[in-house]
Amino acid sequence: MSPRPLVGPRLRRVLALVPYVLAHPGVTLAELAERFEVSEAELERDLELLPLCGLPPYTADRLIDVWIVDGTVQIRLAEYFERPLRLTPAEGLALLAAGRALLSVPGSDAHGPLATALDKLDGVLDARGRLAVDVGGSDHLEELQRAAAETERLEIDYYSFARDEMTTRTVDPWRVFHAFGAWYLATWCHRADAERLFRVDRVRGVRRTGEHFELPVGGGDAADLVYRPRPEDPRVTLRVAPDAVWVVESYPHESAEKLGDGSWRVVLAVSEAAWLERLLLSLGDEATVEGPAAARGVAAEAARRILARYEPSAR
Amino acid sequence: MPDRLERLVNLTATLLDTRRALTLDELAERVEPRYPEDLAARRRQFERDKETLRELGIPISVETVGGFGAEQAYRINPDDYYLPELTLTDAELAALHVAVTAVRLEGDEGRAGLAKLGGLAGEGVDEAMAAVAITPLVATLFDAVSRRARVTFSYRDEERRLEPYGVVLRWGHWYVVGHDLHRDAPRAFRVDRIDGEVTLGPARAFEPPPDIDAARFVRDDPLTYGEDHPVEARVLVDASRAGWVVDQLGVEAVAERRDDGAIEVVLPVVNRSAFRSWVLELLEHAEVVAPEELRADIVAWLGAIVAGGGAS
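Heads up: the sequence lines are chains C and S, in that order.
Count the first sequence with our numbering and you get residues 1 to 315, in order.
Count the second sequence with our numbering and you get residues 1001 to 1312, in order.
Please keep in mind that the hints were generated in silico from the structure rather than gathered at the bench.
Hints may be right or wrong, so weigh each one.
Stated by the list, open to error - Straight-line distance between alpha carbons at most 16 Å, and here's what the computed EDC-like set of lysine to aspartate or glutamate pairs gives:
hint	chain 1	residue 1	chain 2	residue 2
1	S	1050	S	1025
2	C	258	C	286
3	C	120	S	1090
4	C	120	S	1085
5	C	258	C	243
6	S	1050	S	1006
Can you build the whole structure from these sequences, using the hints too?
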């Protein structure tokens, strides 16, 4: 990449800040810089450009007039930039989606300024009822958010889906975060004596301890939220039928290769056996384990365990 | 580079201010700093400028003028350019500022949009509390929804034509919902499963029903979303998983509580493969009790897996 600044972002900024100054004559340079996320020096460069701009034939009465007096700004002769540029679909969607997501978090004010702002945007974008963003609530969400905000240590009952077991743990709740359609609790888990991430919808019980903890610097960084294969996790190679391509789409994988017959060969890191069992049971004959040898019998073994319940003697 | 920026501002102003569309020759005579004299270079330069403006979302319309030696002429229709009257209060701007910082969107469209509405007011938050991934395809579909343009796309190897009523984010996935023209029925499609591009038809091609609520097109649960002949299933769940299942299905699904803490739940099944996956997720902690056909279905499914392989 060349070091020269891109013209697009600067033009975008100029077209946004001119209407703002026209509507707020006398606004200070400092406030403008903050609102439009630029340094004052850069802002001044933008403003110095404007007096060269205007309409043909670029005589004094056709050029944009900019006054900077005592750190305040006024602009004249730019009626055609009086109103800002329309939002692009992506911008409108981003604002509405972010706002709707935040508004759907339990505890947010359904009638506050965010709600009224979204209502106005809905009107302008003709989007009323046409965009729904549901990040959903979860039973213990507010309790966990409160504990994280107050750095209070908790005892939780947790159902580990991957391992298919129920445990009780003491945790320092660092952060509560929504991603990929679920709420997560990032913690220091005293049982594991390590950082652990929990899905809030699998927390079955929460008890306060009255003890407090200190949030470590960078603790529970959002970037760590996704399951990332650890080097020591076993790798399993699956051959997946074309109809089950969602496996490739849905899970982080080491590699995926489309084969001549439309099927896929995908290498997954599998940290917990129950997870692999469930995946294979639900795929049935749409997946075969190619390796390692130890994983080949996993599905059949799990199927036998379940079938035992269905045998006449079991009832 | 300052020259180019200056010309882009002037080009925008000129196209916005003109009453009639202007040809490239006319623009070259008017707009400063001047376009090159050389015609090929001029055209190239102008196309680049036009592209930059369009990337920012500036709507340049093209008209054909001049009968025989027909030529293209350009202008910006003010109604397409200007943001409709919105007047957000500073409290509302500040709330949107919090929203775009609290919800990570991947991409700077949120901030760019906010700049048009009056910039960043108040304080944002330092750490995002949610991530919502907006792909370009979702934005395209949202655009089609607002334009009331029909869309065509390929989904599971089948061409679909849809009158899109809305876009919905649920369970971490985006859906486009609307009226499927081939099936003549309401449908929801997962956006990440659309193959390739989406083609938009002309704007204002259909009138959506009044008071649309896009969210209602996406069913609450894959279990309750399907076209199989509905049957009622009864499932026995061990005590260790009972709480988990009640959370999922609601307490009204519990038909019986046993002394050992196990429960029997009753649920309607309209999607047999979703139901099967759901029961199998509980591994050996659950068992289909009735009806016999669903019980037999699970047994046959598991039997095939046992027969299909693997050492014991």
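Enumerate the violated hints, using their earlier numbering and listing them in ascending order.
-> No hint contradicted; all consistent.
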